[in-house]
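Engineer: Okay, here's what each chain looks like letter by letter:
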Amino acid sequence: MSIAYQIVVCGSIVPDPLQTLEPVASPAGPALKNEMMLPAVLDPWAGHALYEASNLVKNQPGSKVWLVSLGPKAKLQQVMMTVAQKVPFELVALDGPASGFNDATETAAALAEAINAIPGLDKSRLLVFGGWESASRGAGATMQIIGERLGIVDQFQGVDQLTVNADGSMEILERIEGGKHQVSKCASAPALLGWATGNLPEPKNNPQVGMVNMRTVMPALQKARPTKLTSDGLTFASVALPKQLRETQIVKDKSPDDIAQEIVEWIKK
Amino acid sequence: MDQEIGTAKHTKTFQIMETILVLAHTENNGALAKSAREALHASATLHKSLAGSKLVVGLIGDNVQIAANSIAACLATKYFGVTGADFSQSRYATDATAAEAICKAAQATVVVAPATSRWARVLPGVAARLGGRADTHVTGVAAADGKISVNRWYYRQRMEGLLTRTQRPWLIGIDPGSQTPCDCGAGTAMVEMVLVNLTDAARRTTVVGIREPKADAQTIRPDAQLLFVTGAGWTKKQADGQTHLPEAEKLILGFLKQSRASLGSSKSLVDQSGEGQAVLPFLSHLNQVGQTGATPRHAKGLSTCCHGEEPHTVGWRFIGERRAISLDPNCGWARGKADVLYVADAFAVIAKVNELLAAAGMA
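Protein chains in written order, with the working numbering: chain A, 1 to 269; chain B, 1 to 363.
Calculated from the structure, these hints are not laboratory results. Don't take every hint at face value.
Unchecked claim - 20 Å max Cα-Cα, derived EDC-like pairs, lysine to aspartate or glutamate:
1) A:185 / B:160
2) A:243 / B:271
3) A:185 / B:212
4) A:252 / B:271
5) A:269 / B:192
6) A:180 / B:321
7) A:204 / B:200
8) A:123 / A:90
9) A:243 / A:257
10) B:214 / A:90
11) B:352 / A:90
12) A:180 / B:339
13) A:269 / B:271
14) B:147 / A:232
15) A:268 / B:223
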């Protein structure tokens with residue numbers, strides 16, 4: 001049985017993982033030094049969710065993917081130049097902060113509102129995807145709150161695999177402790193899935209996909225609704241880089257046998 | 001805590017007597033996991049430092065009496081339970097409903113739970129239902145001058161924040177392994193059962209099983225003393241100009257078998273499988289540590305053939321003693337992060353380590 005899903009992927013931007021990050025105090029609370037200058041990428045786990053959504057669309061004819069993203073418009077535009085070449089989607093953009101220090105509840109409220117406003121949204125066919133955590137706040141909270149606001153109580157986090165069965169039910173593998181997966185069966189959409197890594201490689205850039213996407217990406221960015229996050233009630237007493245710099249002992253002149261002996265003694269200690 | 005309300009003209013300060021609820025689920029055998037005892041210890045410490053606060057316990061599971069009895073000597077004044085077959089499953093709809101009901105019954109203002117995969121799935125949703133806030137991956141909870149504060153990390157363990165909130169209830173998910181487990185004794189606890197009426201909608205999802213590698217193929221061992229991190233260097237050409245994948249596999253698996261270490265991997269190594277390159281078949285994204293992987297907690301860490309920030313900075317943020325084996329004496333990622341950097345060929349060193357461990361009978 002083929003189901004034409006409406007797949008909404010929530011994902012924002014984060015600083016490129018290779019960048020050195022330094023917290024600074026700003027009038028609005030903690031921020032990153034030179035935050036607007038840092039090169040940004042699509043949040044890695046949200047990226048996996050997007051690729052999994054695209055893969056599901058290939059297997060479920062008639063399905064469609066929306067990418068709902070909250071971030072500074074200019075940075076979103078930069079990142080979309082690359083992301084739009086990966087897989088087909090329609091962008092729903094919100095112009096606001098993508099800082100890790102913002103409150104997940106407010107972010108979720110803004111995203112849920114944007115999802116609800118998608119024209120023709122049919123919740124009986126709705127799958128809400130996203131990363132199970134962001135690489136900024138890393139809370140693993142936003143998706144659940146979005147689900148609650150949309151009235152979705154079939155929620156899964158740390159998802160590595162989704163299989164749609166012949167009867168329309170879904171088998172979902174979620175990461176649990178100890179390198180194991182919990183296997184669940186969900187009767188049907190609507191459902192919310194916070195993706196971990198999944199099983200798919202990052203798609204190669206496809207300029208043709210990029211050209212098609214950009215027809216909707218640019219207008220979406222132009223009409224991106226300004227979104228203010230206040231983080232009321234949340235106060236940071238401090239945000240600091242860890243101080244512990246270790247005195248690394250460099251052992252250069254020992255034979256492998258001597259090193260092995262030292263390591264074994266250390267392990268047994 | 002002191003909380004300010006009202007407009008700028010009319011501000012009133014009053015004292016909230018916190019009710020701290022420790023939320024836990026039972027394991028398959030009806031007992032409590034170590035992570036639940038860690039949450040209980042953190043809560044008890046918080047309770048002691050907050051004058052006038054109350055400590056209560058909420059338990060969810062098929063049957064919670066064994067679990068309640070096992071911590072009956074703790075400082076909690078009341079125990080709440082939601083029980084039944086529906087609550088033995090780790091499932092969002094039922095867990096969220098049960099947790100919401102207990103929070104309401106306990107009139108909790110602060111809820112502390114271990115951030116197990118089960119609670120991590122539902123805590124933020126429960127906070128949303130209750131009009132409160134949730135903070136997850138918390139590594140420290142404290143109170144001073146009547147104000148509660150929590151520590152948590154941002155940007156994938158790159159920086160640590162200390163924060164407070166005025167909203168209540170405040171749901172706090174404590175990272176397992178970050179606290180000392182409570183050693184309170186057993187006894188007989190009176191559990192007040194909270195009735196929960198489930199609709200059919202809450203049963204649309206069914207947990208059908210657990211999928212895990214065979215016992216001898218399981219390389220992720222959260223309780224291991226040592227984390228053994230492998231980098232992409234294991235799959236690269238060695239001094240003879242050839243790759244030695246079978247030998248690398250034998251050495252790594254041999255080390256894991258002898259040392260009972262948990263296996264971590266750099267992103268570049270696990271990504272190779274998706275890129276069609278030669279791979280070590282026992283590694284998956286579940287082994288990955290770092291930016292988009294895990295940040296496990298172990299007493300010791302040994303990194304081999306790694307070059308990069310993933311394993312050295314982010315991946316072992318919570319590793320106690322750290323040693324690395326690398327051919328690059330100037331590896332900027334290991335320097336300042338590891339306690340000892342051995343400049344050597346990991347193939348030769350690990351082969352000898354395996355010999356020594358086998359001879360010592362550590363298997």
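Engineer: Between residue 243 of chain A and residue 257 of chain A, does the CA-CA distance stay at or below 20 Å?
Structural biologist: Between residue 243 of chain A and residue 257 of chain A the Cα gap is close to 34 Å, so the pair fails against 20 Å, i.e. violated.
Engineer: Within 20 Å, alpha carbon to alpha carbon, are residue 180 of chain A and residue 321 of chain B?
Structural biologist: Roughly 27 Å between the alpha carbons, so the hint for residue 180 of chain A and residue 321 of chain B is violated.
Engineer: What's the verdict on residue 269 of chain A and residue 192 of chain B, does the C-alpha distance respect the 20 Å limit or exceed it?
Structural biologist: Between residue 269 of chain A and residue 192 of chain B the Cα gap is close to 47 Å, so the pair fails against 20 Å, i.e. violated.
Engineer: For the pair we were handed, residue 268 of chain A and residue 223 of chain B, check the Cα-Cα distance against 20 Å.
Structural biologist: holds (16 Å)
Engineer: Please work out if residue 269 of chain A and residue 271 of chain B have their alpha carbons no farther apart than 20 Å.
Structural biologist: violated (34 Å)
Engineer: Can the restraint linking residue 147 of chain B and residue 232 of chain A be considered satisfied, given a maximum Cα separation of 20 Å?
Structural biologist: holds (16 Å)
Engineer: What's the verdict on residue 352 of chain B and residue 90 of chain A, does the C-alpha distance respect the 20 Å limit or exceed it?
Structural biologist: Judged against 20 Å, a Cα distance of about 56 Å means the pair is violated.
Engineer: Is it true that the CA of residue 204 of chain A sits at most 20 Å from the CA of residue 200 of chain B?
Structural biologist: violated (43 Å)
Engineer: Taken at face value, is the distance from the CA of residue 212 of chain B to the CA of residue 185 of chain A at most 20 Å?
Structural biologist: holds (17 Å)
Engineer: Between residue 252 of chain A and residue 271 of chain B, does the CA-CA distance stay at or below 20 Å?
Structural biologist: violated (31 Å)
Engineer: Residue 243 of chain A and residue 271 of chain B were given as a pair; does the straight-line alpha-carbon distance stay at or below 20 Å?
Structural biologist: violated (31 Å)
Engineer: For the pair we were handed, residue 123 of chain A and residue 90 of chain A, check the Cα-Cα distance against 20 Å.
Structural biologist: holds (18 Å)
Comparing the model with each numbered hint stated earlier shows that hints 1, 2, 4, 5, 6, 7, 9, 10, 11, 12 and 13 do not hold.
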